[in-house]
Structures are given as structure tokens and as C-alpha cells.
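**Student:** One-letter residues, chain by chain:
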Amino acid sequence: MLVQVPGGWNPLLGRLAIDQIPYTNPILAPLFVAVVIGAVIILGLITYYHKWGYLWKEWLTTVDHKKLGVMYIILGLVMLFRGFIDGLMIRTQQVWANGPQSSGVFGAVHGYLTPFHFGQVYSAHGLIMILLAATPLLVGFMNIIVPLQVGARDMAYPYLNALGLWITAAAVALIMISLFVGDFAHNGWFGYAPIFELQYSPGVGVDYWIWTLELTALGTTLGGINLIATIVKMRAPGMTWFRLPIFTWASLSANIIALTSFPALQVALFLVACDRYLGSHFFTAGFGGNLMLYTNLFWIWGHPEVYFVILPAFGMMSEIFPAFSEKPLFGYITMVAASFAIAGVSWLVWLHHFFTMGAGPDVNSFFSVATMLVGIPTGVKVFNWAFTMYRGRITYTAAMLWAIGALFLLLVGGLTGMMLAIPAINYMVHNSVFVIAHFHSMLLVIVYAIFGSVLFWFPKVFGFKLDEFWAKTMFWLFSAGSVLVFVPMYMLGFMGQTRRLDYVFNTAWHPYLVTEEIGIAVYCLSVAAFFVLLYVSIRDRVKNRVGQDAWGTSRSLEWLTHSPVPFYNFAVTPHVNARDELAWRRHNGINEAQPTQYVDIHMPNNTGVAIYIGALTFVLGFALTWRVWWLCLLSLVAIIVLMIVRSWRGDPGYIITAAELEKMEREAMQRQQQVEGHLPHHGGQAVPGGAMAYEGQKVSPLGTPPSSGGDHH
Amino acid sequence: MLAAAWAGLANAGIFWIFDPKGTMADTNLHYMIIDVVIMGAIVGITALLVIWFMWKYSKGKNRGKYDAHWSHSNTLEVLVWGIPIIAVGFLAYFAVKGTFEINPYNPTVITKHMAPKGDPVHVDVIATDWQWLFIYPQYHMAVANELVLPVHTPVFFRLTSTAVTSGFFIPQLVGMIDVMPGMRTKNALESDRIGVYQGIASDYAGAGTSWMTFPTKMVSKEDFQNWVSKVQASPKTMTYASFNRFAEPYINVNHRVVYFSNVESGIFDHLMMEVMNGKTWPLPPAMTENMVAYMQKQAAEHRD
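Residue numbers (this note's numbering), protein chains in the order written: chain A, 1 to 713; chain B, 714 to 1017.
Chain B extracted, bound-state conformation (with noise of 0.2 Å):
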């Protein structure tokens, strides 16, 4: 009944957490029923106990025997201790299990079924103060601000940040992974459903980050070699010292897309080592004060 509840808020479509569209969020909503069935049936029948005690022992009303000095019971003090540890026991189950088959790392609902999948793909993401960079080194091609990816096919991510930490998370597809600078963490996700889906910057990494978002298209295998080649036929090329010039704090208010080929090989290596070796960014005081004059700035350097 619940499930089916949730089906019908899914098909409301909002519910981007109910409606996943991915193994990795699939996986998700999986234990999130399997918790909120549990907990939910131990929260509910406490609620009513409450509610029937309310009721019935109200005083005034004598629907309950009053009893001035009951404080103790052995059998209660038993099941009180005891449902909580079995439930916690249960679930605990479900967490461990469920961390390892979504470990970012090596997601075992993706990796164990991959060989009939075929070659997976693989991006390096970067965040910058504010926007996404997406490297497809197999292809020697980035794009800023959108991430277009094969149906059927496995995804890797290796994701990185150049000046602050913050988020990387598809509501529909697959969670949050933090992206920090000088560190490398990972990620992965795999889909059968075409279709676009929103990108967003899940952790505050300042003014800009609330227009930090990137759609995500799922494309058919075809489209997708498609959508590679008009890449490569980019005029933008990208070495590592336009990626400099590219990470300057940029607000993407206009939800600009922009492509390159010819990328250079290393840059997120490259990248990462910089950072710890003392790499900033730095923003000039208050940048942001007021931004409706900032964006005309921007506007005027013609970063775009």
C-alpha cells in the first residue's frame, strides 16, 4: 500500500527522490521503503498508543483505573528495551548491506553486472567557483555545464574541485558525493531510461552556487556517438592554461553550455597537483555585494 502510495507521488513527477531513473537511485529508494515500512510501523503503533493513553487515562473522565504509584513493570521494561534493539538490529543489517552495494567507489549493483554492458565511460568532473567542467578523456573532449551520457552503459566518475568544496548530485540518477579541492573522490551511475535530468550543486560553495546546476541527458547509444562527433567539431580547444582562464569565478546565471575538443590529456591530474601545491582561486572581497552590478561586469568581460 505504501509502495503503491509512492507510486502515485512519483507519478506526480516532482518526486525526483521517488521517482529514480537510475541502478544507483533505484537502489536508494529501495532502502529507503524497506526503513520508512520498519520504523514507520514501530513510529505509528507508539503514536496510537500515545494518543489511546491521552484518551483514556484524562482525568476527570474515569475511563482508566488511576494508579498513584505504578512506575514499574518487568515485562515492559523488557519489551521497551527490546523492540528498539531488534529494529535497530534489522536495519543495521540493510545499512551495512546497502553501503556496499552503493559505495561510490565500486558500486556493486553496477560493477557486478557489467561485462554484458559493455565499455563504461568515463568523466572527470571539475567544479569551479561556479560552474561544471566534464572531461571525457576517452574522447579528448570537455563540456562546461551540461553532462550527456549513453543509455545501457556504465558511468564513471573521478570528480574534483579547484577552489571550494561542494556537491555533485542527480536527484534521479545517483546521490551526493562531496567535491573538494586537492582531493579526488568518485562516483558512478548507470540508466536505461532516456531522458533529461537535473544536475545540481548539493553543498554550499558560495555566491554562485545556487546557478550551479547542469542538466544531465541520458541518450541512446547512437545519439550519443553523435553528440560526440558535433564535440570534437568544436572550434574550443582546451589546454591547461585556458582551463585556468575557464576556472575564474564565473556566476552562470544564463546557463551557458559551452564545448571543447582537442582537450589536453591530464588536466585533472594536473589540477589536483597544483591545488596541493598551494593553487587558490581567490575571490576579491564581497564580490558578490551586489549582484545585479557584478553580472554586468561579467557580462562586459565577455567571458562567455
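Excised from the complex, chain A in its bound form (with noise of 0.2 Å):
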């Protein structure tokens, strides 16, 4: 029944074997001496530090959502690294293999890179980019704010949340190690069938790849059950629907379309590895197989996908928008219904990706409707951000200038969006280069929408405000370096350059490539100043810190806690009266307001099991990839055998009595008092909370001018 793969095979260690490892590799053995040191120095610095004890109690046991949240960013910053160096090395193949007179080294004839190696490069740029650091980016910041603006003390499953985090990283885990043992797939992020069939890829990259897929949708699935429920189920008394902030309307539509879609992908794959482990011809030319039907199952699953990072992001910029326009969102309402119905329109668009299928002329302009009708929502979201800026009071900081950055790139990306939509435009430019900047344009949206929010909620979890000159510097080398590259690619697209070329015939596109090649320095820089301003930023934190409302002009729930945020989150759960609760407190002179009474608190306890679960999951991709069997059954086992012993324990969680929480708000106020040189006081009701639980009855409601008596500094 299984299928017998060329090359050796034993029962003890299944297809490894050390010719797999690459060690004569003259680019991969220095990087991997480069990361064996690094990794020892780290582990040296810990253990010398004494620090497992804290790292294992306070972050890889954690259930905390906030803990986790930073994790996934963590994450997703250091594959987005690496995602980067993939583009890099990409840029500087084309550029250096460019017409038949190139010069070539390592056994290329052209470049530096053979078609193999270049094949697995830009898969691992794909996939990684938009599964291993996009989505961690998003689904963290979604773990951090979600539970915040809804008033709740956790995720409405911690231990989910958690397991989500780790089979995320086995991924990513997954994904690195393949450059060191075996070798990456090389048929594309999304694979083309039947290149991906044992005939053509008779290596272990794609089964690397396959697992690492089906690892990463796993653990977005979870993250997305989590999510919606916490939205549904764990909203603060008086959070009703439309008083719900809009990043987390954006969180629930983007995840209801994760929860949905992900599956499809997992089935997908499912049936590859079926093709590959057991002789199946679901995708196979031959044997009454459909290669294309793979291509429809993927992008059932590829296009919502799209939709769920880029939701996350608008949801993102219509936070940034209203604080530092000193207003609220224009049109509330449309806007939510605008995310709706990107959501469902995400469902309608799949062929697009393959109008050159050769499909009749019926099915593609079905789909080339349904592809433009997604201009339509989005429009109404790029209007309502610039009617939000109408007659507000701008603030230059740097997160605005990352949305407002985002905001122009969506521009040029809707207008190169609705040329790909139109089949008779589609056919000349599919599969160009003019595609990749397309979808760059679109995807570099969502990477200026996560920058704006690392600056924007920084001081929320940290405590302590980023440094504005190094982050604008950044902002504008980033940008520079954005338009230096994919200006002159949109153009090589119009000049019929097609993409995933290993060797570029064509010399009279040298000087495009060279700006790409100067662009990508550029973003180099940008990488540096990054890293910069986490040194300056850290360096200079007590000078930075901030109260609970970091920007002063902040609107939602979330900042209506201490910075850093406890973890706890809220010391009583505060009761919600408005839309934009803080702007509607601060109106009413109530924003600083504090509990006067505490209740005890019910907390989830840290748990082990997590983890475990994740390393197994790592344990059971890495030997399914090389067919060891035994280890399989083994790691599937353990895997169930955890899940059971879990769920048979349950956690009873804990409880922070009324005097300890009293003491730790004493102290946190004690030190917001160090920051705005004066006491937040108390709320004078006599209910439990007093004025942080407030539930207003005789104050104005927003819209109204602002009595004068209501301010208590």
C-alpha cells in the first residue's frame, strides 16, 4: 500500500540519511555553523543568567493571552526576517543571472543559485511570508487586543490559545529545518500539481512542505475557534454588538472566514500526501486523476486566506485612523458592514487565480464579477478612513504614518487589482511579475498596518512608548525601499517579464533589476533601523513610560487598564456605555476613574501540556517528512494519550483574592502616579468597581458639548 520512494529507505531512520545533509553546501554549512554558535551563545546566556526557571514559569507555560500574543509577534518578526533574506537572495539571482553572458558559481550555469535550490528559495519566501509571518503577526495582535477590547479577563479557552501558539511554532520549526536537513520544496507556495507528485519531486521538500502546511492550518484553525468565541461569548456586560470596537469586527469576520476555509487547505494537502505516502491519483495526469481540481481546492482555501490577513489589517488602521484624528471612525456601521462582505464575497473569487485555466467565457466572467465586487467594500473603507481625517486633528506620529502608507499602497494595489480582475487584462499580465507586485502591494498593506500597530499598542503591553525618530526614520526607508523595488517590477511586468525565473533572458530589463537590487538594500537599512529602535526604545524606557492611555487620544476599551497591561487584564470588569468607551469616559471626565471596591478573581492555571503537544506535533511533521514509521505512531500516540490525560484533569484555575488584587492596583497606581505626576482617583460609586465598572446614568452622551465641570485634573 505504500509507495515505494527512490533513493534508500530503513525501518530504523526511514529516508534520512547524512547524504541529505547538505554540509558541502557552499551557502547553507557556514549558516549552519553561524546558527549553531548563535544557539549556543543564547542557551549559554540563559543558563548563566539563571533564567530557565522565569522563561519556563513565565512564557512556555503560559496560558496568558497577552504572553502568548507577544510570543506569536516574536515569531512572526523573526520569520518575516527570514522570509526577507529569501526575497533578498531571489532579487540577487535575477539580477546577477540576467542574459546568456552572466557568469555563474556553485554550480549554477548563471547566478549563484541552481534551478533547485532557486525553486525552493521562493517557495519557502511564499509560504513563509504569508503563513509563518503574516498570519502569527495578525492572529498575535488579535490574542493581545481582542480580549482587551471586549473586557475580558482571557481568551475563552487559554490552553487552546496556547496549544494553537505551539503547533504554530512546531511549523516554523518545521520550515528551518528543512534548510538544514533534506531539502524545501520547489513547486511554488501554493504547489502545482503534478509537479508536487513523486515522479517530479522525489525528494522529501515536499513532503516538508505539506506538513508544515498542514501544521500552520492546525494551529489558525484553533486560534480561530478561540477567537470567535471569546468575541461571542466574553464581551463585558453592556458590550453590545454595535458598541464593539472595529479592530475586533475585523477580528470576527477575518477568523469566521479562517474557521471556514482552513479545513479546505487541510483536505487539500490531506489528498497530496495521500498522492505521495500511498499511491492515490487524486492530482495525478493519469489514472482518471484531475491536476486542476487540486488548484480549485487550494485557492477555495488561498483566496479567503487573503482576505483573512488583510481584514485584520483594515480592522487595524481603523483603530489607528480615529486616535490620531482625534475623532471617531467615519461611518461605524457600513464599515462593519463593509468586513462582512469582503468576508462573504471571499468565498466567490477563487478562479481568479487561474482564468487561464481555459475556462469558457461563462465561468470567467462569473468570476471576474465577483472579483470586482470586492472593490466595492474596499472602497468604502479607504473613503471612510479619509472622512474619519475630515475635520479631525491630525497627529503625525509614526503609527499614523504607517496607516496612512497603508492607505496609499492599498490605492495603487485596488487599481492594479481591478486590472487582474478584468480576464481579457488578466491574460497578458498573469503569472508576470506584474502579479508579484500586485499581491505585494496588497500584502506590504498588511506588513504597514502591523508596523503602525506594533507602535501604536507598544506602550499597551509594554509600558513604555517606542522612539518616534527611529521609528519614522524607519517608516520612510521602508517606504523608499518599497517603491524602489516594485515600481520597476510592475514595469518589467508590463515588459512581459514572467515570474519564478531562475535565468533572465532578457538584458534590456538589466537597469529594472538593478533598482529592485538597490530597493532591496534599502530595505536593508530599514531592517537596521528597526533594530535600532528596539535598542534606543529599551534603552530609553523609563523615560517613555506612559499611563493607562498611552496616546491621550486613544478611544477603546483596552486602554482603559494599566500599561503594561496586569494580567488580569481589568481589576474589576468594567461595564461598557458607549461605542468608543474611553473617548465616551474622558468626555464625561470619568476616564481615570478607579475601582473602589474588588471582588476576587478566577484565573486559569499555567500548564505544561502545551508545549508537549507542540514538539510533538514537530516530532510527528519531521517523521512523516522522512517516512520513519515507528516515530510516527509513537509522537501520534503520545499526542493523544496528553489530549486525554488534559482533558481528564481539566484545570481548576485559581483564585486572586479581593486584598491580594487591592494590593497589586495600589501598586500598579503607585507607579502611573511616577508617570503623570498625579493620582488616578477613586470612582465615588458605591457599587463594587465604583466608577471603573460605571454604568452611566447621569452623564451626556457623546455628541453632546463637554460640561465644564467634568474635568478632575
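Calculated directly from the structure, the hints in this document are not laboratory data. All figures in this text were calculated on a predicted structure; none of them were measured in a lab. One or more hints might be untrue.
Stated by the list, open to error - Here are the in silico distance ranges between beta carbons for each label pair:
| id | chain 1 | residue 1 | chain 2 | residue 2 | range |
| --- | --- | --- | --- | --- | --- |
| 1 | B | Pro928 | A | Ile41 | 52 to 60 Å |
| 2 | A | Ala39 | B | Lys778 | 57 to 65 Å |
| 3 | A | Cys524 | B | Asn967 | 54 to 62 Å |
| 4 | A | Asn296 | B | Arg897 | 51 to 59 Å |
Claimed, not checked - No more than 30 Å apart at the CA atoms, straight line, and that leaves these computed lysine-lysine pairs for DSSO-like:
| id | chain 1 | residue 1 | chain 2 | residue 2 |
| --- | --- | --- | --- | --- |
| 5 | B | Lys992 | B | Lys943 |
| 6 | A | Lys57 | A | Lys233 |
| 7 | B | Lys992 | B | Lys899 |
| 8 | A | Lys472 | B | Lys772 |
| 9 | A | Lys543 | B | Lys934 |
| 10 | B | Lys943 | B | Lys930 |
| 11 | B | Lys992 | B | Lys1010 |
| 12 | B | Lys810 | B | Lys774 |
| 13 | B | Lys772 | A | Lys543 |
| 14 | B | Lys810 | B | Lys825 |
| 15 | A | Lys472 | B | Lys810 |
| 16 | A | Lys472 | B | Lys769 |
| 17 | B | Lys934 | B | Lys825 |
| 18 | B | Lys930 | A | Lys472 |
What the hints assert, rightly or not - Here are some chain B residues pointing at chain A (derived, C-beta under 8 Å):
| id | residue |
| --- | --- |
| 19 | Asn741 |
| 20 | Ala754 |
| 21 | Val756 |
| 22 | Ile758 |
| 23 | Ser771 |
| 24 | Lys772 |
| 25 | Glu790 |
| 26 | Val791 |
| 27 | Ile798 |
| 28 | Leu804 |
| 29 | Gly811 |
| 30 | Pro817 |
| 31 | Thr898 |
| 32 | Trp924 |
| 33 | Lys992 |
| 34 | Thr993 |
For each residue, glycine too, the CB sits at the ideal point set by N, CA and C.
Reassemble the complex: the two chains are provided individually, in unrelated frames, and hints are given to aid placement.
**Tutor:** Here it is, written out as C-alpha cells:
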């Protein structure tokens, strides 16, 4: 039943053999040495400073949504860097291997990467950037912000949350180890049938690709379940649907997409695995297989996935624009409607990824018009952001610059997207670098929104602001890099350069390729600026400390609690009175009111089970890749046993007593006094929590002029 | 003005998409201009609006009136939904019209005006790993890695592939169409302009894709007849058996062109049937890990 694989196989090690380790590769071998040295230094430092216990108790076993979110974001940033290095390698190969006269090294006829390696680099670049950089970064932000915005103490399922993170980390580990053990897929990040079948890709690369995707899909699905449950069931009293902050709405629409679409990916890849492991013929050209069935199945997930990553980014922009325009978001209701319209249409457009398949004009027309429909709610969003700035008082912080940059990129991506939606145009630029430039414009919208959000919410999580000067330096360098890389790329698309060329045959394109390479160099400078930004900000952290409302103009519930947010989020569960709760409280002069009375809090315990299961899923993925059957069985059984044991024991949680809480709150308020120079006042109400849980009766609603006596300063 | 700017770019000669040389590519450009003019106007105005707001409502400059609570306007709501809806409705009309006009299976821009143009030329295109074989069934001949066609004549392609999927693309003449093993797609082109135009394998088909290019020569009808006679005189012939050897993996780094005369009829359909019955052309593991060594091996085997 199991298919015979080419090359050696033995029961103990599967396909693993010493010749599968590319120790002679002139790029990978030095990299491996550097990684080992780096790892030894980091592990040595942790041991030297006796930080293992801290790391284990505070981070590796945590179920705190904020710490998990921070780890998601760190994971995403590390992979963003890895993906960037892949991008740098792709650009360098193309500018080098241009024309028949170009030189070649390391076994390549032209350039420094053989087709075999070039294919792996761009496949890894795409997969990493979309699924292991953008997705964890966004999931990380949703993890941190959504429970705070709905006024919850944690996610609905804290342990499941940790499990999602560690399974995603296992996927990351799997793709990273493919650098040094075996090789990675060369069939592009989305895979082509039948080139990923065993006849055309006999190595383990495609298997790494399958199991990396399966693991990340699993992790993201678990996260989606959790976020939906949190938003639906964990909202604070008074948080009606139409008081929900807009980022939370965007997260809800995005996670409905995730929950419903990721299973399609998992099934598609499971069928690929059947072809490669069991010898079935789902996607082969012969024996009744249908290779375009794979492409359809993949994009039935793939297009909703695109909106799964763009919708939270739109949500982030919708938070940043009002905060720095000092007025509410324009058209809140239509913004929500637009998000769900995009989520709904996302299911009807997948075929536009392969108009050139040869479907009839009726089918292509349907998908063309459906695709253009996406432009309507997206256009609405752009106009709404514009009218949010209208009659505002705009402060150009670095976060605002990133959001505005995202808006302009969205205009460019929208213009080119509407071109690609029309088959009569698409036939000319499909699979060209024009498409690459288009979707990089769109993915850069996400990257811009993410960097804006890093700056915007960093003080909430860590209690101090990032340095504005270096943040703006990074923004301008990054934007210059984007222009230098992607404007020539659009032009090359109009010149007919197709994507994924290991060797670029036309020397007339050379100036444009060189410009792109210069853009990559400018991107490198922006990466350097980011590291300087982190260093300078951490160095000056005492100077840059902030109180509850880091920006003074923030609007939603997360700014109501201390910065950094205590592990229990809110000392007492707040009562929500308005759509922009903090803006409403500021308007009524109770934005700094503190609880008068505390009650016991029930919190979840830390658990090591999540990281154990994560590690075992990595072992399972690795064993499946190398066909080490005994290890597959062992790790699978261990995962199931752990899950059963954990379910049996459950988690009784623990109690923070009112007295402990009061002590911690007093310390937090003293810290805040040092920052702001005055003590937050006590809420005067004789209800548990006082004004913190204030249910407004005698206060004026938003929209009326503020009363003069409202200021407590 | 925009058209003039594009014409200027086209004169630079390297913007192939703006410099079409055939009916199909002309039509593509026509729709591109319509789309970019409509969308460009909307996007451009929106960008200017945003820039104006950014300037006017900048904090501390006191250029615009600040309204801390303004967040709704029925008029603007109608506009922000109405403008995109009208634009999309307008473009949808052109999208559907264009899709039928250049439908690769029956492009009405060619077929509607076909009668006076004379007999069409049929070409069966087979993509191998990693070469192109163009079979001219009317002339019982085939050419590898070079496409020669007469002007003022509709050309109809049938396309398939031996091993994996790829794409057939001649930027200045006709848009992309997928080529897939065990499946048949179609495409068509027509050109009035003599010249040599670059053909490209537009979809990743494995290690040799980058070198899978072919010149497309549009020649006069007389020159085409002379060329046909030349190919028909080639000493190399092709049967289905010899086709199978031709289709073994080969990286065409040196852009060889091969002529075949007396080509057995029905190779295209025979291949389709065989692939559907499970024939594959397996690649040895990591065949191109060392490209230089592979090229030496390929040369030593005298496959040319």
C-alpha cells in the first residue's frame, strides 16, 4: 500500500541518511555553523543568568493571552526576517543571472543558485511570508487586543490558545530544519499539480511543505475557534454588538473565514499526501486524477486566506486613524458591513487565480464580476478612512504614518487588482511579475498596518513608547525600499517578465532589476533602523513610560486598564456605556476613575501540556516527512494520550483574592503616579468597582458639548 | 493624454504589453486602457482627497474646523457606496464583453472576420520538460523551440503537455493559456505585422523553465511557404516512438531549434491518451542540483 520511494529507506531512520545533509553546500554550511554558534551563545546566556525557570514559568507554559500574543508576534517578526532574506536571495539571483553572458558559481550556469535551490528559496519565501509571518503577526495582535477590547480576562479557551501557538511554532521549526536536513519544495508556495507528485519531486522537499502547511493550518484553525468564542461569549456587560471596537469586528469576520476555509486546505494537502504516500491518484495527470482539482481546492482556501490576513489589517488601520485624528471612525456601521461583505465575497472569487486554466468565457465572466465586487466594500473602507481624517485634528505619529502609507498602497493595489480582475487584461499579466507586484502591494498594506500597530499598541503591552525618531526613520526607509523594488517590478510586468525565473533571458530588463536590488539594499537599512529602534526604545524606557491611555487620544476599552496590562487585564470587569468607551469616559470626566471595591478573580493555571503537544506535532511532522513510521506512531499516540490526560484533569484554575488584587492595584497606581505626576482618583459609586464598572445614568452621551465641570485634573 | 504616454512607452520597444503586434494582444491592451482610465480617475481623485485632508486637518495648523464627534453623513454614505458600485457596474460590462472577445477557444475578434482572411493554420503545441514542440498537422511537419507563422492568417492552437503544467505566452501576440498533461487547451492568434516576437513558458514547470523560450516569427505568406518546404526537406523525421525520446528531460540552454519532416499524424491525441492512461516522464532525484554537471552530462549524451 505504501509507495516505494526512490533512494534508500530503512526501518529505523526512514529516508534519513548522511547525504541528505547539505554539508557541502557553500551557502548552507556556513549558515549552519553560524546558527549553532548563535544557539550556543543564547542558551549559554540563559543558563548563566539562571533564566530557565523564569522562561519556563512565565513564557513557555503560560496561558496568558498577552504573553502568547507577544510570542506569536516575535515568531512572526523572526519569520518576516527569514522571508526577507529569501526575497533578497531571489532578487540577487535575478539581477546576477541576467542574459547569456552572465557568470555562474556554485554549480549554477548563471548566478549563484541552481534551479533546484532557486525553486526552494522562492517557495519558502511565499509560504513563510503569508503563513508563518503575516498570519502569526496578525493572530498575535488579535490575541493581545481582542480580549482587552471586549473587556475579558483572557480568551475563552486559554489552554487551546497556547496549543495554537505551539503548533504554529512546530510548523516554523519544521520549515527551518528543512534548511539543514534534506531540502524544501520547489513547486511554489501554493504548489502545482502534478509537479509535486513523487515522479517529478522525488525528494523530501514537498513532504516538508505538506506537513508545514498542515501544522500551520491546524494552529490557525484552533486560534480562529478561540477568537470567535471570545468575541461572541466573553464581552463585558454593556458591550453590545454595535459597541464592539472595529478591530474586534474585523477579527470576527477574519476568523469566521479562517475557521471555514482552513479545513479546505487541510483536506487538499491531505489528498496530496495520499498521492505521495499511498500511491493514490487524486491529482495525477493519469489514472483518472485531475490536476486542476488541486488548484481549485487550494484556492478555495487560498483566496479567503488572503482576506483572512487583510481584514485584521483593515481593522488595525480603523483603530489608528481615529486615535490620531481625534474623532470617531466615520461610518462605523458601514465599516462593519464592508468587512462582512468582503468576507462573504471571498468565497466566490477563487478562480481568478487561474483564469488562464481555459475555463469557458461564462465561467470566467462570473468570477471576473465577483472579483470586482470586492472593490466595492474595499472602496468604502478607503473613503471611510479619508472621512475619518476630515474635520479631524491629525497628529503625524509614526503609527499614523504607517497607516497612511497602508492607505496609499491599498489604492495602488486596488487599481492593479481591478486590472487583474478582468480576464482580457489578466491573460497578459497573469503569472508575470506584475501579479507579484500587485499582491506585494496588498501584502505590504498588511505589513504597514502591522508596523503601525506595533507602534500603537506597544506601550499598552510593555508600558513604554517606542522611539518616534527611529520609528519614522524606519518608515521612510521602508517606504523608499518599497517604491524602488515594486515600481520597477510593475514596469517589468508590462515588459512581459514572467515570475519564478531562475535565469532572466532579456538583458533590456537589467536596469530595472538593478533598481530592484537597490531597493532591497534600502530595505536592509530599514531592518537595521528597526533594530536601532528597539535598542534605543528599551534603553530609554524609563523616560518613555506611559499611563493608562498612552496616546491621550485613544478611544477603545483596552486603554482603560494599566500599561503594561496586568495579567488579570481589568481589576474589575468594566461596564461598557458607549461605542468608543474611553472617549466617552474622557468626555464625561471619568476616564481615570479607579475601582473602590474589589472582588475575587478566577484565573486559569499555567500548563506545560500545550508545549509538549506542540513539540510532539513537530516530531510527527518530521517523522512523516522522512517516513520514519515507528516515530510517527509513537508521537501520534503520545499526542492523543496527552490530550486525554489533560481533558481528564481539566483545570480548576486559581483565585486572586480581593485583598491581593487591591495590593497589586495600589502598586500599579503608584507606578502610574510616577509617570503622570498625579494619582488616579477613586470612583465615587457605592457599587463593587465604583466608576471603573460605571453604568452611566446621569452623564451626557457623546455628541453633546462637554460640560465644564467634567475635568478632574 | 494617457494613450499618448503609453504610445511613448511603447516606442521604447521593451514594454511588450503596450506594444501589441496582433489582434488578440491589441484587444487586451484596449481593455487595459479602459480599465486604467476609469479606475485611475477614481484612485487619483481619492489620493488627492486624502492628501488634501492630511494638509488641511493637520493638528496645530488651524486650517480646518475640528469636529470631535462628526462621524456620520447620509449624503457621504450614499457617495462612498454609490461611486464604487457604479464604477464596478461599468467595468463589469467591459469585463464580460472582453472575456468573450478574446475567449481562447473561440475569440470573436478573430473568428468573426475570418472568411476573407483565407485558410487558417493549425498548430499542435506540446510542452515537454523543457522544450516546445510545434506540430503543423496540415504540413506533416514539426519544429522544436521555434514558431513560424504567416501574417494575415488566423492561427489556431491546440495545446497539451507531457509531464507537468506550464503556460504558453507570446506577450506581443497572444495572452497566456495553461498547458497541462492529459488535458487539451486551445488558443488563437492573428497578426498583420512581420517580425520576431518572444515566446515564453509562463508557468513554473521545474528546473528548465527559465530556458523554455522560443522565438515566434511572423513572416509573409510566401516566406512561410518557403520555410515549410525547407522543414519538409529535413532529414529528421518523427514517429510517436521518436517523440517519446525527444520528450525526455532536456534543458534548452543553447536554444537549439530542430526541424522534423514526415511527422506521424495523431501524435498529439496519442500523447493525450497515453498520459491519461498513466504515462509519466519521471525526473531523477535532484536532477539539477548541480546544473553545470548536468549540462556536461546532457552534452555528452549527444541528445541534440
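**Student:** Next, verify each hint and record whether it holds.
**Tutor:** The hints, checked one at a time:
1. Pro928/B to Ile41/A: 52 to 60 Å: Since Pro928/B and Ile41/A have Cβ atoms about 56 Å apart, the given range 52 to 60 Å holds.
2. Ala39/A to Lys778/B: 57 to 65 Å: Distance hint for Ala39/A, Lys778/B holds at roughly 59 Å.
3. Cys524/A to Asn967/B: 54 to 62 Å: violated, 37 Å
4. Asn296/A to Arg897/B: 51 to 59 Å: violated, 18 Å
5. Lys992/B to Lys943/B: violated, 33 Å
6. Lys57/A to Lys233/A: holds, 29 Å
7. Lys992/B to Lys899/B: holds, 22 Å
8. Lys472/A to Lys772/B: Holds, at about 18 Å.
9. Lys543/A to Lys934/B: Distance ~81 Å between Lys543/A and Lys934/B Cα, so the pair is violated.
10. Lys943/B to Lys930/B: holds, 15 Å
11. Lys992/B to Lys1010/B: holds, 25 Å
12. Lys810/B to Lys774/B: With Cα atoms ~50 Å apart, Lys810/B and Lys774/B exceed 30 Å; violated.
13. Lys772/B to Lys543/A: holds, 25 Å
14. Lys810/B to Lys825/B: Holds, at roughly 14 Å.
15. Lys472/A to Lys810/B: violated, 47 Å
16. Lys472/A to Lys769/B: The hint holds at about 21 Å.
17. Lys934/B to Lys825/B: Between Lys934/B and Lys825/B the Cα gap is close to 21 Å, so the pair holds against 30 Å.
18. Lys930/B to Lys472/A: The given pair, whose Cα atoms are some 53 Å apart, is violated under the 30 Å limit.
19. Asn741: OK, holds: Asn741/B within 8 Å of chain A, min 5 Å.
20. Ala754: It is violated, given that the least Cβ distance between Ala754/B and chain A is near 10 Å, above 8 Å.
21. Val756: holds, 5 Å
22. Ile758: violated, 10 Å
23. Ser771: holds, 5 Å
24. Lys772: holds, 4 Å
25. Glu790: holds, 6 Å
26. Val791: violated, 11 Å
27. Ile798: With Cβ-Cβ at 6 Å, under 8 Å, it holds.
28. Leu804: holds, 6 Å
29. Gly811: Holds, about 3 Å.
30. Pro817: This interface hint holds because 6 Å falls under the 8 Å limit.
31. Thr898: holds, 4 Å
32. Trp924: Hint on Trp924/B: holds, closest Cβ of chain A at ~6 Å, below 8 Å.
33. Lys992: It holds, given that the least Cβ distance between Lys992/B and chain A is near 6 Å, below 8 Å.
34. Thr993: At about 5 Å, which falls below the 8 Å cut-off, the nearest Cβ of chain A leaves the hint on Thr993/B intact, so it holds.
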